[in-house]
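All chains should be modelled from the sequences, with the hints used to inform the complete structure.
One-letter residues, chain by chain:
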Amino acid sequence: DAKTTQPTSMDCAEGRAANLPCNHSTISGNEYVYWYRQIHSQGPQYIIHGLKNNETNEMASLIITEDRKSSTLILPHATLRDTAVYYCIVRPYGSSNTGKLIFGQGTTLQVKP
Amino acid sequence: GAVVSQHPSWVICKSGTSVKIECRSLDFQATTMFWYRQFPKQSLMLMATSNEGSKATYEQGVEKDKFLINHASLTLSTLTVTSAHPEDSSFYICSAIQGNTEAFFGQGTRLTVV
Numbered sequence: 026d027a028k029t030t031q032p033t034s035m036d037c038a039e040g041r042a043a044n045l046p047c048n049h050s051t052i053s054g055n056e057y058v059y060w061y062r063q064i065h066s067q068g069p070q071y072i073i074h075g076l077k078n079n080e081t082n083e084m085a086s087l088i089i090t091e092d093r094k095s096s097t098l099i100l101p102h103a104t105l106r107d108t109a110v111y112y113c114i115v116r117p118y119g120s121s122n123t124g125k126l127i128f129g130q131g132t133t134l135q136v137k138p
Numbered sequence: 040g041a042v043v044s045q046h047p048s049w050v051i052c053k054s055g056t057s058v059k060i061e062c063r064s065l066d067f068q069a070t071t072m073f074w075y076r077q078f079p080k081q082s083l084m085l086m087a088t089s090n091e092g093s094k095a096t097y098e099q100g101v102e103k104d105k106f107l108i109n110h111a112s113l114t115l116s117t118l119t120v121t122s123a124h125p126e127d128s129s130f131y132i133c134s135a136i137q138g139n140t141e142a143f144f145g146q147g148t149r150l151t152v153v
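From first to last, the protein sequence lines are chains A and B.
All letters in the first sequence, in the order written, are residues 26 to 138 by this note's numbering.
All letters in the second sequence, in the order written, are residues 40 to 153 by this note's numbering.
It is possible that some hints are incorrect.
Here are some chain A residues pointing at chain B (derived, C-beta under 8 Å) [stated by the list, open to error]:
| id | residue |
| --- | --- |
| 1 | C37 |
| 2 | N55 |
| 3 | I64 |
| 4 | G68 |
| 5 | L126 |
| 6 | F128 |
| 7 | G131 |
Incomplete in silico selection of chain B near chain A, CB under 10 Å [what the hints assert, rightly or not]:
| id | residue |
| --- | --- |
| 8 | G100 |
| 9 | P125 |
| 10 | S128 |
| 11 | F130 |
| 12 | E141 |
What the hints contain is simulated information worked out from the structure, not anything from laboratory work.
From a predicted model like this one, the values you see are computed outputs, not experimental measurements.
Note that CB positions come from ideal geometry on N, CA and C, so glycine has one too.
Here it is in structure tokens:
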């Protein structure tokens, strides 16, 4: 079973920031938070991951709460091409890492003009 | 990011025939590859984990004799759906990792069994 909880769907206006929340209250100390997205009829695309510090890359920012029980993915200026299903996944690192990703239902983000 | 390529992108086959799907890591050597299946409006379901040179590890409920996985090299894994039936119609997706890196996914293969 997935260890994360996400809202089923969200809307965002084009050009505005999209903030996608994720709850992972049972996360272990050796688990990262990963975000992927899946545009319709394509394979998932890696976005970003983090352990406990906030992270930023060219696609998005990841804000992880201090207790690590939740996080927020931020797309700073959403475009219509960002319409997709966004998956938040926890995954162990180090020797416990099997590479498996267990997908939950994700959040369907609809960016509207 | 790294590139993972699947072939074919889509395939239609007759019921009772077998279909092979290839997954290649184009610019890195994949220590492990994974196969997922996705039905319409559902999430990805992990089917099996494949390590180069060893037998695949199947998730509970996945028939290993029906879904044959071969990982002959560090850049190629194949999934063969044997004696396909209409209920096997689905979107099959592979992913690959190298060590502790993030997983990179193929573009998926749409299988339709008629």
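Open item on the list: Given a cut of 10 Å on the nearest C-beta pair, is the interface hint for G100(B) held or broken against chain A?
Closed with: The hint is violated - G100(B) has no Cβ within 10 Å of chain A, the shortest such distance being about 14 Å.
- [ ] Please verify that hint: N55(A), Cβ, nearest Cβ of chain B, below 8 Å or not.
- [x] Hint on N55(A): violated, closest Cβ of chain B at ~12 Å, above 8 Å.
Open item on the list: Min Cβ distance, C37(A) to chain B: is it shorter than 8 Å?
Closed with: violated, 21 Å
- [ ] Would you settle whether the hint for G131(A) is holds or violated, based on the nearest Cβ-Cβ distance to chain B being less than 8 Å?
- [x] holds, 6 Å
Open item on the list: A closest beta-carbon separation below 8 Å is what the hint needs, so does I64(A) meet it against chain B?
Closed with: violated, 10 Å
Task: Given hint L126(A) near chain B, where the shortest CB pair must fall under 8 Å - done: Because about 6 Å separates L126(A) from the closest Cβ in chain B, which is inside the 8 Å limit, the hint holds.
Task: When the least beta-carbon distance from E141(B) to chain A is tested against 10 Å, hint result - done: Hint on E141(B): holds, closest Cβ of chain A at ~5 Å, below 10 Å.
Open item on the list: Does S128(B) hold up as a contact with chain A if the rule is Cβ-Cβ below 10 Å?
Closed with: violated, 14 Å
TODO: Report holds or violated for the interface hint on F128(A), using the least CB-CB distance to chain B and a cut-off of 8 Å.
DONE: holds, 4 Å
- [ ] Have a go at the F130(B) hint: is there a Cβ in chain A nearer than 10 Å to its own Cβ?
- [x] Holds. Min distance 7 Å.
Open item on the list: Holds or violated: the hint that P125(B) contacts chain A, with Cβ atoms closer than 10 Å.
Closed with: violated, 20 Å
- [ ] Report holds or violated for the interface hint on G68(A), using the least CB-CB distance to chain B and a cut-off of 8 Å.
- [x] Hint on G68(A): holds, closest Cβ of chain B at ~4 Å, below 8 Å.
When the structure is compared with the earlier hints, violations turn up for hints 1, 2, 3, 8, 9 and 10 and for no others.
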